[in-house]
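My request is simple: use the sequences and hints to build the entire structure.
Protein chains: 2
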Amino acid sequence: MAKKTRRAAATATAAKPKTKPQLNERQKKTLGGIIELADGVVTAAQKKKDPHLDVPARALSNVRFNKSKRFIEMGSSVNRRQLFNLSQAKSYMQTMLVASGAKQLIEENKTTSLRGMYYLLKHTIEGAKEETFDDQSESDTIIEDVEVTLNALREELHLYAKNAGSLVGPITLVDSGDEIDCSRMGSGGYSIPSIVEAEVVQFKKHTAKFILHVEKDTVWRRFVEDKFWLKHNCILTHGGGQPPRGVRRLLHRLHYEENLPVYCLLDNDPWGYYIYSVLKQGSINLAYESKRMAIPDAKYLGLRSIDSERCELSPSVRISLNDTDVKRAKQIANYPWFVDKKPWQKEIDQMLKNGFKLEVESLISKGISFVTEEYVPARLAEKDWLD
Amino acid sequence: MAKKTRRAAATATAAKPKTKPQLNERQKKTLGGIIELADGVVTAAQKKKDPHLDVPARALSNVRFNKSKRFIEMGSSVNRRQLFNLSQAKSYMQTMLVASGAKQLIEENKTTSLRGMYYLLKHTIEGAKEETFDDQSESDTIIEDVEVTLNALREELHLYAKNAGSLVGPITLVDSGDEIDCSRMGSGGYSIPSIVEAEVVQFKKHTAKFILHVEKDTVWRRFVEDKFWLKHNCILTHGGGQPPRGVRRLLHRLHYEENLPVYCLLDNDPWGYYIYSVLKQGSINLAYESKRMAIPDAKYLGLRSIDSERCELSPSVRISLNDTDVKRAKQIANYPWFVDKKPWQKEIDQMLKNGFKLEVESLISKGISFVTEEYVPARLAEKDWLD
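Protein chains in written order, with my numbering: chain A, 2 to 388; chain B, 2 to 388.
There could be a bad hint or two in this list.
Identical chains share a label here; the pair holds if one copy fits it or two copies do between them.
Straight line, CA to CA, 30 Å or less: simulated DSBU-like cross-link-like pairs of lysine-lysine [to be verified]:
hint, residue 1, residue 2
1, K217, K163
2, K367, K228
3, K91, K367
4, K104, K232
5, K367, K21
Read the hints as simulated data drawn from the structure, not as lab findings.
Next comes the structure, spelled out in structure tokens:
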């Protein structure tokens, strides 16, 4: 019945699509920021001053680790972008274009991809032979500038990334009006969208005790097939490698709104350490989003540098570290949030001494379900994780 | 209630996991093939003959276009692989190993990834310093050999690929025992698994009139957001670029079992043509699977080489053809299933004359929802597609 009503409503909307969509508070706020940006140009012109924008600097030098909040945040440096400056005029124009594109999307209540935004804005500048954007990398960079300038998530500009990441477990949520029981989603699970703000995704009820986040979908499949989530009463997620914003944001919301601890099962290599670091402390490039993304209490469940010996893994499954691995491992050991932690120093040091890395998949050499039936249950029972 | 029973059952199974899983007919058949393969070695040994395997040749020379079936199929050439041949002994051993790995997976009723299979089988050969497989590319190739030798899909060997591709629309299916209403799956849709055989996925009911398959998830999102599937009563799918086997197999099953026509919205470039070609006629590398994958009646809905003019697209959205594009376009024009088709010759010829390609996303330059509200509805209404 509810469905029929919903369908009828959708069809009715389809019949007269020209009605202006109702905007929610978040949309109004973002729109307000964009309009303020544009008003700045008018004000400057009226005052006969050169219009400019102050774009917060997205650089390592403008990022710091906040020890009390325990995540990376941006400093206060800005780069001034002026219209009447030959080297800045184009990027000034591009910034305004991206803001106007976002305005159009929000007003029509539609979203698009980064590529869609590029095509939406790309045109030959009137009276010139120049293009607004030569390729997508140009508009992608400007989009990040607009995000930090407006202090708005990309998703709030109505831009989405590719869906990546899945979830399964004893939780019922509502996504775009559809009630979704994540314990009954078949073998593929719930596909985590890139926009998971409360306007789109609401948590309805759950009985989970924790979240197990694994690195790759192939490992996640093993956990799904073995019904790990059912036996251990948890939510299982993966992020398809480095988790995209949608996955990070959903984990953040589940952690803070539903009080669920987050355990991460990642590869024993610099990439796995880095994924953990980003989930926990935020990333340098998205430092302005840490407060909505970082989960400082997330735990690293494995794999560990001691596992080759502890689990008596065959030497055949070792993968030799290459020069990049060694360099990255040393960098990560020096991250401010790892440098004072003895267990992490020991962990990384041991990997360097081992001279090899280990993937979670390598545990299959101990048995197809070793990872779900022995490795992870043992780590959880012994509270044996890194923090 | 049904859910509680299912959960209780699953928990009960978890309590005593050592019971031998019941195998279905398909699993028994695959297992029979593997055992036959192994028996061949024993028989040869008893007859004091050299054991060998005949592996169907996976090469362009052993592939032909079957004009009456209208898809690519494999010829009868085989490569003999002998145990007592220095250059073939290792691959013989590897083939037997992969077969035994598949046997283990089937018997335990578990699946794994290609990488999982690699780790499952990788070890130092007893009494030697040699590894069974040096890297995953070796086991991946042998897995394809075993597939053709046993005439079994990779999925029947209990191996899966990464999930890619989503579906939304007025269809209810059952996936691994979970009933899934694909019209109520939120913004992410139903994540198409890599194994969609009837034992895993059953179609329950649907009211769809056709399937619209789009190339990329970002385009698919536009169609979902505009509720195209609701307005046009269709199933919407995407394959994340070149669709993986799970997506192809699901489209095939929906087309043949549910009588749904398949329309493909792909980029106006050699890659888009190629994706269509594979969906329609099968691929050279997976020619042995054409009968379960190819959809000779699939239609190419666009984008078309005439669209730049017909839709009055801005020259800014053109992407110049590079040398590889030109070469690929000429190759595709010469495919046996395209060479006699005037509309296709005209289409490809026009693209070469244009000197540029067009992505579906470029239609956004005509309006955010131009593709869903004008382009595709017009093509469908006019039955304006290529065959």
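Hints the structure fails to honour: Hint check: nothing fails, all pass.
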